[in-house]
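**Student:** The lines below spell out each chain.
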Amino acid sequence: MRISSEQNANLINYNKIAVLGIFIALGTVIWILEEFIPRPIPWMKMGFANLITMVILYRFGFRSAAIVSFMRIILGATLTGKLLSPTMLISLSGMFLALSGMALVFFLLENQISLPGLSIAGAFLHNLGQLLTASLVIIRKPELFYLLPYFSIASILSGGLIGILSVFIIRLLFRDMDNDPV
Amino acid sequence: MEFNHISLKFPRYGDFLIILLILVITVSFFLTGYGKATSKTLCIYYDQEEICSRPLPFSDTLYLKGAEGNMIVGVKGDTVEVLESSCPRKYCQEMGPIYRPREMIVCVPNKIIIIVKGNPSGKKLDGITR
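If you're matching them up, the sequences are chains A and B in order.
Read in this note's numbering, the first sequence has 38 at position 38, and its numbers run on one by one without any break.
Read in this note's numbering, the second sequence has 120 at position 120, and its numbers run on one by one without any break.
None of these hints come from the bench; they were simulated from the model.
Keep in mind that the hints are not guaranteed to be accurate.
Claimed, not checked - If you only want the chain A side, here are some residues facing chain B, beta carbon under 10 Å, derived:
| id | residue |
| --- | --- |
| 1 | 61 |
| 2 | 120 |
| 3 | 124 |
| 4 | 148 |
| 5 | 149 |
Glycine included, each C-beta is placed from N, C-alpha and C at the ideal position.
Produce the entire structure from the sequences given, and follow the hints as far as they go.
**Tutor:** As structure tokens, then:
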């Protein structure tokens, strides 16, 4: 039987904490390993760590996804020695805009979209948030917005791929969703 | 907010709506100021300060001093390329040559931005008579 959050509001859901911890660790490892994969275009990154965010978003909702991706960025930045650097600020702003924008898109088009569509919206907003921070806070050159067309094409490709892959992962992981106790 | 009743079957028409919206933003951005550029200018910024503005084409090797170290930029005709940079990841070197208007190379560690700016043909006067 699935225990809903209303039923045990006073209890700490240890299962959920354990699963979120595993997913934070997985996301961090994927995020660090992705640095070593050669890329066709140097500034384009697939963002495979966001597979974890999409799975968590689907299974545990918005708050857990925000916690997992925030912790992943903090942990990843600490391990690669980029804590509180401009790179981390750019990652955080992209994550923040992507998650809040995805919540808005989900709120507006709830029954019309699928998970890959939500992922594409998230990828686009992620790039937009990064570009906004880079051009307004860190480099302070509005000319950086000339890169927006390249970024949006890249976000359609990477967001679509991440969305489709996360659908497969969700189908594998939560095949019997009503029976798992998490 | 619960997301677990979102459809896993794709594509649905809302997905195309999102892609269309992104493409409209992209295309409208492309159309603004993408006139036929008759002449191009190479602009280099260091820490928001313009340190170079020269009309292309010309051929030269530029030695720049960035925040992290030195940077060598090669200009051959109207293509601009970072030949050597002292930054740790060398993204600016991997970018390769740029030549189209609005193309740019950004080196964040060195705080250097290299932009090829196009001068739109409409705004440039052929001559002034009195």
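**Student:** Tell me the numbers of any earlier hints that the structure contravenes, in ascending order.
**Tutor:** No numbers; nothing is violated.
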